[in-house]
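Asker: Chain by chain, the residues:
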Amino acid sequence: MRERSAMTRRQFLGCIGSATAAAALCGLTGCSASSGGSATSGAASASLSGSVTAVGSTALQPLVEAAAEQFMNDHSSVQITIQGGGSGQGITQISQHAVQIGNSDVFAETKLSQPSDANSLIDNRVCVVGMGPVVNKSVSIDAISLDDLKKIFTGQVSNWKEVGGADEAITVINRASGSGTRATFEDAVLGSTKAPDSFKPQEQDSSGTVRKMISQTPGAISYLAFSYFDDSIKTLKVDNVAPESANVENNTWTIWAYEHMYTSNEPDETTQAFIDYMMSDDVQQSFVTQNGYIPVSGMKVSRDAQGTVSKLS
Amino acid sequence: MSKVMSHRSLERLGRGLTGSCVAISFALVVTLIVMVTYHGLTTFIVDGISPVSFFCGDVWNPHETGDNGVPLLGALPMIVGSFAVTLLSCVFALPFAIGSAICIVEIIPRIGRTVIQPVIEVFVGIPSVVFGLIGLMIVVPWTAGWAGGTGYGIFSAAIVLAVMILPTITSLSVDAIAAVPQSYRLGSYGLGCMRWQTIWHVVLRSALPGLLTATILGMARAFGEALAVQMVIGNATAIPDSLFTPASTLTSILTMGMGNEAMGTIPNDALWSLALILMGMSLVFIAIVHLVGRKGANVHA
Numbered sequence: 053m054r055e056r057s058a059m060t061r062r063q064f065l066g067c068i069g070s071a072t073a074a075a076a077l078c079g080l081t082g083c084s085a086s087s088g089g090s091a092t093s094g095a096a097s098a099s100l101s102g103s104v105t106a107v108g109s110t111a112l113q114p115l116v117e118a119a120a121e122q123f124m125n126d127h128s129s130v131q132i133t134i135q136g137g138g139s140g141q142g143i144t145q146i147s148q149h150a151v152q153i154g155n156s157d158v159f160a161e162t163k164l165s166q167p168s169d170a171n172s173l174i175d176n177r178v179c180v181v182g183m184g185p186v187v188n189k190s191v192s193i194d195a196i197s198l199d200d201l202k203k204i205f206t207g208q209v210s211n212w213k214e215v216g217g218a219d220e221a222i223t224v225i226n227r228a229s230g231s232g233t234r235a236t237f238e239d240a241v242l243g244s245t246k247a248p249d250s251f252k253p254q255e256q257d258s259s260g261t262v263r264k265m266i267s268q269t270p271g272a273i274s275y276l277a278f279s280y281f282d283d284s285i286k287t288l289k290v291d292n293v294a295p296e297s298a299n300v301e302n303n304t305w306t307i308w309a310y311e312h313m314y315t316s317n318e319p320d321e322t323t324q325a326f327i328d329y330m331m332s333d334d335v336q337q338s339f340v341t342q343n344g345y346i347p348v349s350g351m352k353v354s355r356d357a358q359g360t361v362s363k364l365s
Numbered sequence: 342m343s344k345v346m347s348h349r350s351l352e353r354l355g356r357g358l359t360g361s362c363v364a365i366s367f368a369l370v371v372t373l374i375v376m377v378t379y380h381g382l383t384t385f386i387v388d389g390i391s392p393v394s395f396f397c398g399d400v401w402n403p404h405e406t407g408d409n410g411v412p413l414l415g416a417l418p419m420i421v422g423s424f425a426v427t428l429l430s431c432v433f434a435l436p437f438a439i440g441s442a443i444c445i446v447e448i449i450p451r452i453g454r455t456v457i458q459p460v461i462e463v464f465v466g467i468p469s470v471v472f473g474l475i476g477l478m479i480v481v482p483w484t485a486g487w488a489g490g491t492g493y494g495i496f497s498a499a500i501v502l503a504v505m506i507l508p509t510i511t512s513l514s515v516d517a518i519a520a521v522p523q524s525y526r527l528g529s530y531g532l533g534c535m536r537w538q539t540i541w542h543v544v545l546r547s548a549l550p551g552l553l554t555a556t557i558l559g560m561a562r563a564f565g566e567a568l569a570v571q572m573v574i575g576n577a578t579a580i581p582d583s584l585f586t587p588a589s590t591l592t593s594i595l596t597m598g599m600g601n602e603a604m605g606t607i608p609n610d611a612l613w614s615l616a617l618i619l620m621g622m623s624l625v626f627i628a629i630v631h632l633v634g635r636k637g638a639n640v641h642a
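Chains A and B are the protein sequences, given in the same order. Read left to right, the first sequence gives residues 53 to 365 (the working numbering). Read left to right, the second sequence gives residues 342 to 642 (the working numbering).
If you are wondering where the hints come from, they were derived from the structure by calculation, not from laboratory data. These numbers come from a predicted model, not from an experiment. Treat the hints loosely; a few may be bogus.
What the simulated footprint calls covered on chain B by chain A, stretch by stretch (three residues with Cβ under 8 Å from a Cβ of chain A suffice, anywhere in the stretch; the number is not a length) [as the list claims (entries may be wrong)]:
#1 384–393
#2 403–411
#3 496–508
#4 578–591
With beta-carbon atoms standing in for the labels, derived distance ranges [as the list claims (entries may be wrong)]:
#5 Pro392(B) to Ala218(A): 33 to 39 Å
#6 Leu369(B) to Gln131(A): 46 to 52 Å
#7 Leu354(B) to Ser338(A): 56 to 62 Å
#8 Ser190(A) to Arg454(B): 47 to 53 Å
Heads up, the beta-carbon is just placed ideally off N, CA and C, and yes, glycines get one too.
So here's chain A without its partners, still in its complex pose:
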């Protein structure tokens, strides 16, 4: 008797589950059908067709998704799929030619086991992302020197009073080892200095979680991309330079990185068209700035995989 009632409960749940799945599926197909139908395509673009898959960086994902949606509206027979998975995934998949585009927050050379494998890839730098130190609102200082910042992130300083603030313990929140944001921050702030093995701060996976933790934890410090700055946290000036796009463009704010969309050496026509679209003013002046990134065209300097910065004429 008991067994039977358990069965029916399970069946009932199963029914609800499959009904939901079916409804979701209908919604999806309905949606894609309607967007395909309403698309208006010009004469030149009508020739483009096929599907493009882009995998990788979750930081870059919202921007590429927005651009891809617009691109698919303009080219009705093109299907672009954007997946997350992280920069490591993006670079793995594109170097195995499993996808058409690999999105990454870092240079492929720094991720691949054979850095020379990056030679078979084309590095499309679609935009620049600036990052800055953020603290809990309880922290009394507004600016910090690069040297003090380095001391905090190597564990040499553990109280805000040692860097000019109130008597309050510092809680450092790092990003996961291997994350692009962390690599960028450490390159710019720590340089060749390494944090000692005994210094083991907390680590968090996503920018959203880091922001939430910073806003909740008194005395906490971490770093975020400019696009994640909001009123729940406080940003710090570094060496009296404010974390702003204009300062990134001339490299007076040094904590920044490119967002890369890697393709193979010989991308197909549709993939190339999408990359060209990403670099066009349509995307650079709208989606890029709307998502909190900095257009590459505004940059007055460039940086290579080794971190060498050179002025652009």
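Guided by the hints, dock chain B onto chain A, whose structure is given.
Answerer: Below, chain B alone, put in the same frame as chain A:
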């Protein structure tokens, strides 16, 4: 349909269909085990990391190399963290789970079986990220409030996990207690025992193998849980010296690192090794369940 399929071919069709289902599931399990083992052992065989330093080292920094030129891969902090949260969450959950199971079966069977048990079973299906969010919003600030520090750590993780595994253990314990033959209880009452004496000396003792299985399956869930733990444990790869300082588990480091590392690199292989440890542990849990089950069967026989 005029021609009905002959009984023989119908039998054959059924056997073929169900047989292929079994074959596919079996092949999936085997390939999965082989794949995780293969990648997990790469760290030791190809990359030349010594298993001793992997299991006993306490510095986890796959992107840095130590003084001897070998990447810093010491998984001990995560192994300790995983066992600590698993055991502690069981300690928190067990009294509540067994207590409510006794109540549901023995004391208020009508309401228990029709109202309380279904509600508890709904709990089993709540996604772990929901528990993680609640942990982040409520448990962490609460812990920080009375224990000091940031609130992230093994204690908070164990609380969240305890709530997660509570329904699993309760539900299985209810089944175990209900499976005790009614004649045992009647015999006990016949000897003049009170209800409490009957529950303590007869029912719980006979249900012990089932209760152990329930506990171990709960522990297996706690050991393998990734998302909720990762949100509240703080993820510091240090061997925990307190329940209230940030620590990490095998799963929390795995979920954080997975997307960031490219295949074929040492940091990626190291993550596969963590996965291998996790898989090995869950096989151990399953083996224990089978052993306990067999022993229980012997007792009842």
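Asker: How does the segment 403–411 of chain B fare against chain A when you require at least three residues with a CB closer than 8 Å, holds or violated?
Answerer: n = 3 at 8 Å, threshold three: holds.
Asker: Are three or more residues of the segment 384–393 of chain B within 8 Å, CB to CB, of chain A?
Answerer: violated (count 0)
Asker: Do the Cβ positions of proline 392(B) and alanine 218(A) conform to the proposed distance bound of 33 to 39 Å?
Answerer: For alanine 218(A) against proline 392(B), whose Cβ atoms are near 48 Å apart, the range 33 to 39 Å is violated.
Asker: Are leucine 354(B) and serine 338(A) spaced within 56 to 62 Å by their CB atoms?
Answerer: 59 Å, holds
Asker: That 47 to 53 Å hint for serine 190(A) and arginine 454(B) (C-beta), does it hold up?
Answerer: Because 51 Å falls inside the window, the suggested range holds.
Asker: At least three residues with a C-beta closer than 8 Å to a C-beta of chain A: is that true for the segment 496–508 of chain B?
Answerer: violated (count 0)
Asker: Taking 46 to 52 Å as the hint, is the beta-carbon distance of leucine 369(B) and glutamine 131(A) inside that range?
Answerer: With a Cβ separation near 29 Å, leucine 369(B) and glutamine 131(A) fall outside 46 to 52 Å, so the hint is violated.
Asker: Can the segment 578–591 of chain B be counted as covered by chain A under the rule of three residues or more with Cβ-Cβ separation shorter than 8 Å?
Answerer: holds (count 4)
The structure does not agree with the numbered hints 1, 3, 5, 6 stated previously, though it agrees with the rest.
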